[in-house]
Amino acid sequence: MRRLFLYLLIIILGGVCPTGCRRASDGEDAFLQIKGSDTIVNAGQMISEEFMKVNPYIFVAVTGGGSGVGIASLINGTCDVATSSREMKSKEIEIARKHGVEPREITVAFDGVAVIVNHNNPINQMTIDDLRRIFTGEVKNWKELGGKDMPIVTLSREVSSGTHIYFKEVVIREGKKDSTAEFSSETLLLTSSQTIVEEVVNNEAAIGYMGMGYVSDRTKTIKVGKNGQDVYPADIEHVQNKSYPLSRPLYFYTNGEPQGVLKQYIDFTLSSQGQKQFAESGFVPLEAERGQKN
Amino acid sequence: MAKKINERIIETAIRISGFAVIAFVFLIFLFLLKDSLSLFRIYPLKGFIAGIRWLPISEPPSFGIIPLFMGSILVTVGAIMLCVPIGVATALFIAEVAPKNLKMILKSLIEILASIPSVVLGFIGIVWLGPFLKNTFHLTTGMCGLTGVCLLAFMALPTIISISEDALISVPRMYKEAAYGLGATRWQALWRVVLPAASSGIIAAAMLGIGRVIGETMVVMMVTGNSPIIPHSILQPLRTLTATIAGEMGETVGGSDHYYALFAVGLVLFVITFMLNFVADISLRKNRK
Numbered sequence: 002m003r004r005l006f007l008y009l010l011i012i013i014l015g016g017v018c019p020t021g022c023r024r025a026s027d028g029e030d031a032f033l034q035i036k037g038s039d040t041i042v043n044a045g046q047m048i049s050e051e052f053m054k055v056n057p058y059i060f061v062a063v064t065g066g067g068s069g070v071g072i073a074s075l076i077n078g079t080c081d082v083a084t085s086s087r088e089m090k091s092k093e094i095e096i097a098r099k100h101g102v103e104p105r106e107i108t109v110a111f112d113g114v115a116v117i118v119n120h121n122n123p124i125n126q127m128t129i130d131d132l133r134r135i136f137t138g139e140v141k142n143w144k145e146l147g148g149k150d151m152p153i154v155t156l157s158r159e160v161s162s163g164t165h166i167y168f169k170e171v172v173i174r175e176g177k178k179d180s181t182a183e184f185s186s187e188t189l190l191l192t193s194s195q196t197i198v199e200e201v202v203n204n205e206a207a208i209g210y211m212g213m214g215y216v217s218d219r220t221k222t223i224k225v226g227k228n229g230q231d232v233y234p235a236d237i238e239h240v241q242n243k244s245y246p247l248s249r250p251l252y253f254y255t256n257g258e259p260q261g262v263l264k265q266y267i268d269f270t271l272s273s274q275g276q277k278q279f280a281e282s283g284f285v286p287l288e289a290e291r292g293q294k295n
Numbered sequence: 022m023a024k025k026i027n028e029r030i031i032e033t034a035i036r037i038s039g040f041a042v043i044a045f046v047f048l049i050f051l052f053l054l055k056d057s058l059s060l061f062r063i064y065p066l067k068g069f070i071a072g073i074r075w076l077p078i079s080e081p082p083s084f085g086i087i088p089l090f091m092g093s094i095l096v097t098v099g100a101i102m103l104c105v106p107i108g109v110a111t112a113l114f115i116a117e118v119a120p121k122n123l124k125m126i127l128k129s130l131i132e133i134l135a136s137i138p139s140v141v142l143g144f145i146g147i148v149w150l151g152p153f154l155k156n157t158f159h160l161t162t163g164m165c166g167l168t169g170v171c172l173l174a175f176m177a178l179p180t181i182i183s184i185s186e187d188a189l190i191s192v193p194r195m196y197k198e199a200a201y202g203l204g205a206t207r208w209q210a211l212w213r214v215v216l217p218a219a220s221s222g223i224i225a226a227a228m229l230g231i232g233r234v235i236g237e238t239m240v241v242m243m244v245t246g247n248s249p250i251i252p253h254s255i256l257q258p259l260r261t262l263t264a265t266i267a268g269e270m271g272e273t274v275g276g277s278d279h280y281y282a283l284f285a286v287g288l289v290l291f292v293i294t295f296m297l298n299f300v301a302d303i304s305l306r307k308n309r310k
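If you're matching them up, the sequences are chains A and B in order. So for the first sequence, the numbering used here puts the first residue at 2; every next one is plus one. So for the second sequence, the numbering used here puts the first residue at 22; every next one is plus one.
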């Protein structure tokens, strides 16, 4: 839904622009394509709108689809920035180099993967192991976790989602590289984070996960803890001090060192103005530690 | 003389466009074939056709098409069982029973029905139909095959109604008159004479309806839950061939095994719809004789 809305917006803006913007004698017309993570798509849109207010001759298009879509698009050379809620896999970097793309990783914000259930669900907290047992299908009824007697409906994103892959690596496979555990095949693979929220609102037995930016009062976010340790809520404080176990960085990937207009955009994202947008969308902005590795 | 040249030009243009269409279909087929055959250089054909697990991004991946194929078949069969009786009954009503004014209104309403975008239907499915079916049938989730079946049946209705109506109208009047002459009631004449006489057209309508349903993407991707399991009932979540391509195509890099696997899924879909259209065409032709 959200993605379609964005496409629509882009088409409308794209249609308006050629007639609306005139080239200024000193300004430089430019077009940036930002693609990837649905987790960051709203924050990215807000940053881009702010950026376009400051730089009216640079047009920035933001689309979602999933981190995998952004990364594939960067490799295929169809976007300038791939936004991602997971690290690029070594295999992807290898493929990128084969296509002549040198991925550069920039950490832009931090996020906690929130686990949500319906408000009528009595469960308030869980360990990583409980989550693993639920999402691999080992536990099939809420009764077994002390909840109501109803079958658990597990909700996930499609395989193109970075959050899907993050969750698989950290929860399903418990961070073990050699694990081959998979999501239970009964898991519903939904097309957007918003669809997960809708289903949890409508379904008492559902459990889903998504980036903090999609948390609202309409669903209950449960506290999560490492096995045998204290549980913490997915909020800014506990993601910042990393005590929330499903904390992760959010990335921008560019082809090589960003230059010109692209550098302007990245610098804006990392500036206090850009970081403010992340905070407003519910993410944890970068603090003093401004990461630019690789 | 000038007239003749004009005619020549027009004739050639028409002929070229006719051949172009054939060439396009053929080229699409070749394109699909080329990229899907590349899959079988890295992945066994048997594992694709008979595999029961679809795990495209695992290491190593498994591209078993059976769950997707079964998902597509199940929603299609369900949708057709729901919409063919309703569609044919509506067509009978429009062609034989309805007064002229009502007929006009119904026909234009059905055209409007055909023009509702599938995303809109999918949206209705998520926010209204899914929760409604969940509460009515006490399902674990509204994101299941049944929601998809209802919406797909709704989408196939216009096709089925208009083609069956054409078939019913083209039944010679003499048939009906002869039936009345033998003392048949209106119902008997419709049920025993007109309907069987139009049967091949109705089969063609059903076939084209199936083609419409099996190729539909947006609605099923939005409402059926997309779990790659082999569904045992229509009340379970399922994943179709089309939703798989649409959901995963964006994240594949050109030339990867996942990319080729999606082309192979596309080829399967193409072959299915091609055969359906072929059968529909044969029965339509039989109808005209």
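Keep in mind that a hint or two might mislead.
[What the hints assert, rightly or not] Among the chain A residues that face chain B by a calculated CB cut under 7 Å, a handful are: (1) A62; (2) G66; (3) G69; (4) V70; (5) I76; (6) G78; (7) I96; (8) P152; (9) V154; (10) E159; (11) V160; (12) S161; (13) Q195; (14) N203; (15) E205.
Since the hints were made in silico from the structure, they are not lab data. Each residue gets a CB set at the ideal place from its N, CA and C atoms; glycine is no exception.
These are the hints, each one checked on the structure:
Given the 7 Å rule on beta carbons, the hint for A62 of chain A is violated: about 15 Å separates it from the nearest Cβ of chain B. Interface hint status for G66 of chain A: upheld, as the beta-carbon distance to the closest one in chain B is roughly 5 Å, under 7 Å. The restraint placing G69 of chain A at the interface with chain B holds, with a minimum CB-CB distance near 3 Å, inside the 7 Å limit. Taken as an interface hint, V70 of chain A checks out: its beta carbon lies about 4 Å from the nearest beta carbon of chain B, inside 7 Å.
Given the 7 Å rule on beta carbons, the hint for I76 of chain A holds: about 5 Å separates it from the nearest Cβ of chain B. For the restraint placing G78 of chain A at the interface with chain B, the shortest Cβ-Cβ distance is roughly 10 Å, beyond the 7 Å limit, so the hint is violated. At about 6 Å, the closest approach between the beta carbon of I96 of chain A and any beta carbon in chain B falls short of 7 Å, and the interface hint on this residue holds. Against a cut-off of 7 Å between C-beta atoms, the interface hint on P152 of chain A holds, since the closest Cβ of chain B lies about 5 Å away.
With its C-beta approaching chain B no nearer than about 5 Å, V154 of chain A sits inside the 7 Å limit, and its interface hint holds. The interface hint given for E159 of chain A is met, as the beta carbon of that residue sits about 5 Å from the closest beta carbon of chain B, less than 7 Å. Interface restraint check: V160 of chain A against chain B, minimum CB-CB distance 5 Å, threshold 7 Å, status holds. Taking 7 Å as the C-beta cut-off, the interface hint given for S161 of chain A holds, the closest approach to chain B being about 4 Å.
Because the closest C-beta pair between Q195 of chain A and chain B is about 10 Å apart, greater than 7 Å, the hint is violated. A least Cβ separation of about 5 Å between N203 of chain A and chain B falls short of the 7 Å threshold, and the interface hint therefore holds. The beta carbon of E205 of chain A is not positioned within 7 Å of any beta carbon in chain B (closest approach about 10 Å), and the interface hint is therefore violated.
Checked against the numbered hints above, the structure violates hints 1, 6, 13 and 15; every other hint is satisfied.
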